[in-house]
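J.: Spelled out, the chains give:
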Amino acid sequence: MSASNDQSPLQHLLTAEPDVVTVGAELFADALRDQGVAVTPVEWRPPVGRTQEALATVVGDPRRDEANATALHRMLSAGAELVDVLPAAEALDLQPGSFLHAGPPLTVERASGPMLGALMGAVLFERLEDDAEAAERALREGRTSSGVAITLDPCHHHRAVGPMAGVVSPSMWVFVLRDPVHGGTAFCSLNEGLGNVLRYGAYGPEVIERLQWMSRVLGPLLQLAVRRRAAGAGPIDVKAIVGQMLQMGDEGHNRNRAGTMMLVRELVPELMDAADQLPEGLGLGDVADVVRFCNGNDHFFLNLVMPACKLAMDAARDVPGSTLVTVMARNGTDFGIQVSGTGDEWFTGPASVPDGLYLGDYGPDDANPDIGDSAITETGGIGGMAMAAAPAIVRFVGGEVGDALAATRAMYEITLGEHPAYQVPILGFRGTPSGIDVTAVVRTGVLPNINTGIAGKVAGTGQVGAGLVSPPTECFTDAIEALAKAVPAS
Amino acid sequence: MSTGTTHIETRTGVYADSVTLMQISKRLAALEGITAAQVAMGTPLNIEVLEGMGLPAPVGTGPNDLVVALRALDDAARDRALAELASALTVTASSAGLDGGDPPPRRTASALERAAQASGGSTGTPLVVVSVPGDSAFVEAHDAVTAGSNVVVFSDNVPVEQEIALKDEAARRGVLVMGPDCGTAVVSGVGVGFANVVAPGRVSLVAASGTGAQHLMALLDAAGIGVRHCLGIGGRDMSAAVGGRSASQALRALAADPSTDLVVVVSKPPDADVAARLRAEADELGVDVVWALLGFGQPDLTTAAGQVVEHLGLPAVTWPTWGTDASTRPSAPALRGLFVGGTLCDEAMVIAAESLGEVRSNIPLRPEWALDVDGAGRWDAGDAHTMVDFGDDRLTEGRPHPMIDPTLREERLLREADDPCVGVLLLDVVLGHGSHPDPAATLAPAISDALRRGGDRGLAVVVSLTGTKGDPQGLERQAAALAAAGATVHLSNAEAARHAVQLVPDAVPRKNTATDEPTGGAR
Amino acid sequence: MAGRWTGAASDALLPVLTGPARPATVVGAGPVAVYLRAEPSRAGDDAALVALVTRQAVRVPCAVVVADAEPLPFTLAPGRRLQVGDGSITWDAGVLTVVRWWPAATVTGTPGRTDLRRDPTAPRDGLPRRLAALRLAVGPHVLPEGVPTALERAAEATDRRDAATAAAALRPVLGLGSGLTPSADDAVAGLLLAARSWSGAGLSATVAELGARLAAGLAARTTAVSAGLLRHAAEGRGAPEVVRAVEHLTGRSPADEAQVLRELVSLGHSSGRDTAAGILTYLYRQLTVTNDPTSHLDPTDPTRPDHPPLVRESA
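Chain order of the listed sequences is A, B and C. Each residue of the first sequence is one higher than the one before, counting from 884 in the working numbering. Each residue of the second sequence is one higher than the one before, counting from 530 in the working numbering. Each residue of the third sequence is one higher than the one before, counting from 16 in the working numbering.
Just chain A, same shape as in the assembly (with noise of 0.2 Å):
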């Protein structure tokens, strides 16, 4: 019988017939269903590990509801805006030396190929040595023959990420975004393009030589287009054009054409605009070939995604006793990931090789273990997350569009909320799964889904294929012992 509006669960329990949901031996349910109740059964697994004693004091912690529903709400309500392009110099005041790298700390000795590959680039790129030979020994030793110390620092340590390697030199340059709602910052790399590029850890002389074009004519132009629409209609809503590019068959991981579309859109009119304002030494021939190169570029958008979700993520950040997951980044080597309750602490397992498609000869044993600070994505709720948003993608793993479908149902379980401005228009559009919740993926043993692109593991071999990955469980049975530990006594 309906509830009155002043009657406990309880008293309505003594009035009406029970739904009842059964968790664990299959002999009760049985024993319901033959009284012709309706039963849901849970389908129980143990939870991963020896974890059961963390979990219990996770989930009676008094704080954790509220906490997730604190760090659920910011992340949701986070805005991204693209305010400005600028050399990561300026932007990250980067010194002559300074590298960032995807995913959790990292040392050159443990650096797989493509990320050696890609600091190598680095190294060359910024002039710092002349060949590829001394660009690793100068790696390896920390200082270069002419003395500049190398450092390493992951992105996410500057409120930064890059896909892939995610190597950010000095002389690059980086979009800045801002969420206008809690004020936050967040930077990213501009997308190379596909083929051999630093970020797969190539660094041969097209590499080096696309970089620098980019540095020499793609940042500035971006800049002074950015810059006037900011100042002009205001900033570009990225978060907007991920809501939309989920609606036309993008995922904003591995498939961003969409999202590249809507953003050349915003950007050729700046242009033209300014095409009397050109920076020193740039004419229209170089405006066209930054159009052509933003357009050919399927993955241009895929660095302003990045930032959107990185914002929303720190937005998310450091409320004590949530177990909402801020961070999924890999390095090549380590897989890591960072929770709200336990702020900078990174949680770090093996990084595995993605299951995926390979390009031409390549194979599963060319591969790398999964790279990049691209998972921030799927932190944020979309990517693997929001596969039925882009069943094209599900086939690079040889899958049906119904994999597709149940990829993403699949994440509610561990998620906390469904996306408001991320939907998925083949399921309703319901909100994408957002919100990954460390209790419920050591409790279900089911873990995030991350689309990737698949690297060489040999430095300088770039892209050899793409596919789907998951995090280590690891991460979050050592996650759930730091939560643990981070409970108050009572």
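Since the hints were made in silico from the structure, they are not lab data. In this text, all values refer to a predicted model and were calculated from it rather than measured experimentally. Each residue gets a CB set at the ideal place from its N, CA and C atoms; glycine is no exception. Among the clues, some could well be false.
[Stated by the list, open to error] Simulated DEER-style distance windows between Cβ atoms:
{"hint": "1", "chain 1": "B", "residue 1": "602", "chain 2": "A", "residue 2": "1087", "range": "45 to 51 Å"}
{"hint": "2", "chain 1": "C", "residue 1": "281", "chain 2": "B", "residue 2": "844", "range": "46 to 52 Å"}
{"hint": "3", "chain 1": "C", "residue 1": "160", "chain 2": "B", "residue 2": "701", "range": "55 to 61 Å"}
Given chain A, put chains B and C in place with the hints provided.
T.: Chains B and C alone, transformed into the frame defined by chain A:
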């Protein structure tokens, strides 16, 4: 690299997306006799990849051209690959259904959301039944409580501080935690766990004991008294540590239930302060309560059932029995009780100890009466009177409850029959939802066998049968089968125990008597 | 090989289903409900109606809910012979065993309950608004000719505890309308339940007597299913949707009004709205017999309860 044959062609006007083509390439490369395969649109990147494979695309290939590049061991393999390509390019759409719907819920919280969506919120009130291992029970039950759902926790081995935390949270949210270690609950006629089929009535139970509640409901059923609710509270609720948290909530809810006229509180020996507090609370609420709190000097369950009958103004009941009392008297001295119901065992021990003194047990009434029973159900009690609870935690580790799997007890039954010390065997059988579908099917032959083996010393078998007329196993059918095997069957456990005690030759106290207060809690 | 099923039965069926086995016949069948008519166990007894239903079907007070099946897992054609009793329903191809009893939904006609007709503190303030809400939920609805007048007369006679006159008014219209439960019968059931709920114990004897008087010769006037359900209504039992709505309207059990009324009017093809018509007839009368209960209402408000009811005779 140069062995076999290579095949490179461009096809114009054919387009397929890159993912499809990657899949097709993979399929072709997997064919026997094919050493490399690449089917791709002629983008600059792909042309570069092809060159890297040593399969350069024809000059002039553009991004709108489909490039097919194969390296095969022979022409036959190449032709097979081309045929495969033709079929792959024509059938790209899946005939499979798009969507299998939501996957099954993996957590109680998501199952509750799902159930709420399914019912549209109009009918049914959610109830969660948790029977996962004890170290995971808190997490699932906590989901239920925070979602505003009442919860039955069947699991045992839940840490007491978790029980307290759960019950405090539940009280704040107006929901009831039934358990942990709650074997039986009946809400609005729905039997949860091990529960009997009862007719609706106006008597409700608050039960800290599963088999105790079942037994009481069976007696009430025999007296024609229906049951409205049986709210289990867990075996530990009325301990000093838990302090009757759920008992108090249940009592208050039943006091406010217009369809409950009388409440029966069933418990193994509770903490004295908790019991006193609860009695005061019942007085304050003005609710009529019959107290069935087991222990020395306390009324047994049958007496409590009689009080209910009397309270409702019904004529006194003669509890049914089946089978005839054996005319022979046992000549061997020892009484052995083999129980599946812990409370039934407790009650029988109290009754036996009053006449016989020491009763050794794995759930002893006194610490010094403890019997070491190993995990395989083995013990050696010499010629002492002994009662063993086969439902005790140690005997159910990694094994179904004896109410479901009778093997262990039936093995022991035959061993006792072969023991020349044993004169009387006392067994309980519990029917209802969740229990074995036909316990007499194996127990009756085992009893026959036992009586045959112990016939020379006049072995007697007495059965306490807990069940209602409506139970799926058929109360009468079970009783008839057990009686036909030679057992004397009682619906009242107390009467069964007294009968068994009477059969013990020279039934006088042998060691210390039990009329004084027991030391410490019974369990 | 006989099928074996289990089910949960209404406690209103306790005497029929736990008594000695007796013959029964299928009198109505559909994918989610099969109705049986159990023969009287001995001369003088009433025949009893038993409905075998799925969880999705309307849970009438004589229902046995078949476990875990949608639609029903067996086919029983009208005219099929069965046995009912000893805790089960048995036929040549199957046995359905009752393993649970649930309380049938019953309006508050129990002793000790206030008779709202005589209680100056009765919640009449809310009644006009609630009735208006139900009338809006029902929408335009036409009962068979003669039924509204018969309902009005019966309501007036019932309030005078004159079961004989009430029965005489209703008898001619019983069975009017089509379906397993004809429109007129549903409306009468609504009236009986509303009278019991509003009066508490005050009129339960009168309503029971009215039910008994209607029962005489009922079999000849209407379907066996409808006759069986009318007997339950006279005892205060109905489908949960109906009972909830009646209890809400009489202020006995406050609930989510929109939902409760929606559930009532969407019962069956027209059953819910027919039942609502009977409820409205009885409860509107309670407004007019009290002193000016609507004086606070805007006279131009079209939902004013003293506007003519939407329930009219067909032209």
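J.: If a hint holds in the structure, say so; if it doesn't, say that too.
T.: Consistency of the hints with the structure:
A C-beta distance of roughly 34 Å is found between residue 602/B and residue 1087/A, which places it outside the suggested range of 45 to 51 Å. Distance hint for residue 281/C and residue 844/B: a CB-CB separation of about 48 Å, consistent with the stated range 46 to 52 Å. The hinted window of 55 to 61 Å between residue 160/C and residue 701/B holds, with their beta carbons roughly 59 Å apart.
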